[in-house]
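Asker: Listed here are the chains, written in short residue letters.
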Amino acid sequence: MVVDPLSRVFSALADPTRRDIVARLAAGDATVNELAEPYDVTLQAVSQHLKVLEGSGLVTRTRDAQRRPVHLEAEVFDLMTKWIERYRREAEERYRRLDDLLEAIPDEEPKAQRPRRGAPR
Amino acid sequence: MNTSTDGTEIMVDPDVPLVRITREFEAPPEKVFRAHADPDLFVQWNGPRSTTMRIDRHDFRTSGSYRYVHARDDFEAGFNGCFHEIRPAELIVQTFTYEGMPDGVALEKLVFEDLGNGRTRLTSTSLVDSFADRDAFVASGMEVGVREGYQRLDELLAVDSGR
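Line order of the protein sequences matches chains A and B. Just so you know, we're using our numbering here: the first sequence kicks off at 1 and counts up by one. Just so you know, we're using our numbering here: the second sequence kicks off at 1001 and counts up by one.
These are computed hints drawn from the structure, not numbers from a lab. A quick note: this is a predicted structure, and the numbers were derived from the prediction, not measured. Misleading hints may appear alongside valid ones.
With a cut-off of at most 20 Å between alpha-carbon atoms, the simulated EDC-like pairs for lysine to aspartate or glutamate come out as follows [stated by the list, open to error]:
| # | chain 1 | residue 1 | chain 2 | residue 2 |
| --- | --- | --- | --- | --- |
| 1 | B | K1109 | A | E109 |
| 2 | A | K82 | B | E1009 |
| 3 | B | K1109 | B | E1009 |
| 4 | B | K1109 | B | D1013 |
Covered stretches of chain B, as calculated for chain A (at least 3 residues, CB under 8 Å) [what the hints assert, rightly or not]:
| # | segment |
| --- | --- |
| 5 | 1035–1044 |
| 6 | 1056–1063 |
| 7 | 1128–1135 |
C-beta: ideal position from N, C-alpha, C; glycine also.
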């Protein structure tokens, strides 16, 4: 199956450590060392997580600087949130039509001998 | 990730490839259920606004099956699945496949919860077998805007990787 860009973003965020890294980068750029500090894992493990995040387009690293701080690409992160919101809005639109329909039809299923319209149940 | 503003809540689970949508209705469970069970009613509200829906088959019973088509201009999208378990006013368990991706299948569970006073909470959970498939669902909305959406994302990611 072809992995589309959005799937890479979602998959990158499927891991709790990576979500945590993203949340911390939202506050500002940080180096790999700074990012690794709170975790009980090796620098390599954190680098591995960053590689996945980079592959998804969520974070970038300056290539030539000594510190090579990690930077969150807020646009990509926002875009994903927007896609979820759009999906949700489509469901809401659908359900609003269902609201209208529910209002328009009688409570009881129409039978051969249907009760008078508006009769109390 | 949870978002909600106008009644419909969505939960995109980070650990399991599922999407859960919750919504309350000003109608008793029997009635909300009927809007799913009766094809003449179902066709009136399901599907995106910009498309017309045609139901080819709606054999609404346990072990039954369905097929419908959403059409817009020159674009048609077919969907089919089986009704795995149906309990009136309580539960629908069904499969769901977009025919453009015939190997992909979602397991859907619709729970109709009686809130009393003629109100119902509908919880709709779609589970697929990979995050990629789940995200394709969310990303595409399954029917509309797929191409332009991916184009936008591709453009954005292309700019990023160009650095």
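Asker: Hints numbered earlier in the text: which of these fail when held up against the supplied structure?
Answerer: 1 and 6
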